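*Asks:* As a plain string of letters, each chain reads:
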Amino acid sequence: MNSNQIQGMGLGMLSRFAQSSWPDRFGIRKPFERLLYSGSKAGFQLAGVAARQFSKGSSLDKTQRLPSAPKGLFDLSLTEEQQMMRETLQRFARDVLRPAAHQSDHDAVFPDSIRTQSLELGLNFYAVPEALGGMAAEQSVVTNMLAAEDLGYGDFSLAASILAPMGVANALTRWGSKVQQEVYLPAFASETPPQACIAVMEAEPLFNPFLLSTTALHTGNEYVISGEKSLVIHGATAELLLVAALLDGKPAVFIVRGGSEGLSFREEQGMGLKAAQTVTMHLDNVIGEKLGEDDFDYTTFLDLSALAWCALALGTSQSVLDYVIPYCNERVAFGEPISHRQSVAFIIADMAIELESMRMMVWRAAALAEAGKPFHREAYLARLLCAEKTMKIGTDGVQLLGGHGFTKEHPVERWYRDLRAVGVMHGGLHL
Amino acid sequence: MNLETPKKFQMLVDQAQQVALNFLRPISRKYDKAEHSYPKELDMLASLLDGMNDGAPESAGASTAGKRGAQANEGIRNGSNMSTALGIIEMCYGDTGLLLSMPRQGLGNSAIAAVANDEQLERFMGKWAAMAITEPGTGSDSANIRTSATRDGDDFILNGEKIYVTSGERADCVVVWATLDRNLGRAAIKSFVVEKGTPGMTVTRLEHKLGIKASDTAAINFTDCRVPVANLLGNPEIDVGKGFAGVMETFDNTRPLVAAMAVGCAKASLERTKELLKDYLDPNYSTLPLNASNVVATVTRMEAEWEAARLLTLKAAWMADNKQPNSKEASIAKAKAGRVGNEITLKCVELCASVGYGEDELLEKWARDSKILDIFEGTQQIQQLIIARRLLGKSSSELK
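Those protein sequence lines, which keep their order, are chains V and W.
Taking the numbering used here, the leading residue of the first sequence gets 999, the next gets one more, and so forth.
Taking the numbering used here, the leading residue of the second sequence gets 186, the next gets one more, and so forth.
It should be emphasised that the hints constitute simulated quantities derived from the structure, not laboratory data.
The structure presented is a predicted model; accordingly, all values stated were derived computationally and were not measured.
Any given hint could be a false lead.
Stretches of chain V that chain W covers, calculated by requiring three or more beta carbons in the stretch to come under 8 Å of a beta carbon on chain W [stated by the list, open to error]:
#1 1073-1082
#2 1197-1206
#3 1318-1332
#4 1342-1348
#5 1364-1378
C-beta: ideal position from N, C-alpha, C; glycine also.
Work out the full structure: start from the sequences and follow the hints.
*Replies:* Structure, rendered in structure tokens:
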């Protein structure tokens, strides 16, 4: 099926098509059949889903940039709205995401039911300015960060799946030109926001997001992009993509519509992030638009992405800590709970110390970003610290459960695999 | 949400930094070499600080830290716990040993401020108070202290030996932990203010130490030392149910301050190392850790750890200012800052090679000074125990 054929179909139908095909493929197959399937799928395929028709829906007087609220005192307290949102998201994480996490990881699928239920939260509306039908009145980096932390508590990959489209909307709100905002943002302030993601990574050891192999050429009114992107979250079904590429030797980000000619995907599963259905995306002379205008800053773009991953790490690290506490209190060895041993108890204490360290670093960077102040140094240090500490928490989580932790009977091995992504990922999300 | 230093304390931070650089640093090495001699220069500085404290209700200082936030419900506060922590960070950026020797800024002053009644506050105002907890056979196991206090009319009679009393010889008085009844365990431990010159109290020895040499560390003997009943701090009753809470409350207030010391000491090492290595570093944080040189990766990693320790310290102080229970957070701050401060100061010596190891620079001194900050007011391991017990819901008899 090529993109032209799909373009005329209604969104609802498309959505149903995309939603039903994955469980059909994965849910009922025996493991060896699945292996065969994966093998046959190794070659690049055209997009399974075509682009939604994005067209100018609303008219703006000017480009939308959300204002920052002034701040004075050192203050770790949350607003009432933030507390209410957290309660809702924490319940969602506990009741919806966590119970679905194991199977989603096993199937390497983001279940339709989870996507549908997550849309009911209406998070997408908070990524779009009021003038374009959304509910965002001012910068809400902190609120977005808290949301990621709470969703990450439910499941790392499911949270990443839910947040990936929001990241594109946040990026368009922060960086998009007037016309880009008019064309792309209204769709995000709807009951059926587009599937979207940010593609920065490339398959390169020691990957450096400032030295990209993917390039863009400016020809006439268009930019033509070629290259290959790695670990693209839900890339195969994305209706809108933000792709990082070098333009005249400098990194820039381009808006690419799903189903564009020259786009192809190959399944690329990782150690974790399974439910995020990561793919390698090949771009062969794909036409795109350059994101933003003069105020676009690639470093800040990457920093807001890094902070999103760090926020997920906070939530997932907290879930490791909350899991090992009752386990070590109940697990008896040598006649008493293993938590009575300092060698066990101190690991748990260190988990709490480093988790709180991570949290302070991430909160600080997000608060600075929200206040419209420079935050590159703080985001850099937060990512550095989180990458190390969250993996330590992840590996200690497995260690404390011993052999049990190594099996799929417990979630710690999944957290271990997922948390390795924090030090790896660039792009993908955006607060 | 905002985790930046509040504007209203910026002047205090700047002033403390000026004191650190222009007053403490120039005499740092002198008193590192001249252990046990009193840094007389501090008298003038202490008077200046007293003046500043008297002039401002939310000023920094050991005697103001520990006061819980204002009674009135007036929203979020940044009060004396935070200003004190900020002030201490800058002073220890100057010299930790000298800060610890600062007249009238002893840990005993914090204890008095935290638990004294109004009459006692009045009576001990302006006095320099040291803190005496540790005994030869009782380090971290402070519930097991042997120094006894026996009621005799209007007095308590103290008997026992205390060691590692910071400023024990120089201070005007010492806050002494003693037990009313060893059989009743922690609940019977009370603190007493013993004024210098009280018959029966003798400084028997001054320690020779690895670091913080400017600060005197005394061993004090109490033999039939009579202390008025009115000098007992806090509740005189033995409340077995409440246990250790009374005396331990002090620690919730002083641990963030020791964390602040570790943050300040490490800041000195980190900043000096960055100056010395400036040709090799990446001041704009433009190279990601994965692509950075070893020296850049090492320094940025230390910086991240340091920032985390600093923020945890401010968090614990902020909670105290806002009347939130902060026992776990105080221990988290102390544990993190203690170990990170030590790691940073030692790594800086290593990075700077013979320049770091030699006495021409202060890096080797800071590496020696930092070690005590992971030990006193509860070692790293004691903090881990406290945190773990809280998280796991375990008593001290279960998680020993």
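*Asks:* Find the hints from earlier in the document that the structure breaks and name them by number, from lowest to highest.
*Replies:* Hint check: nothing fails, all pass.
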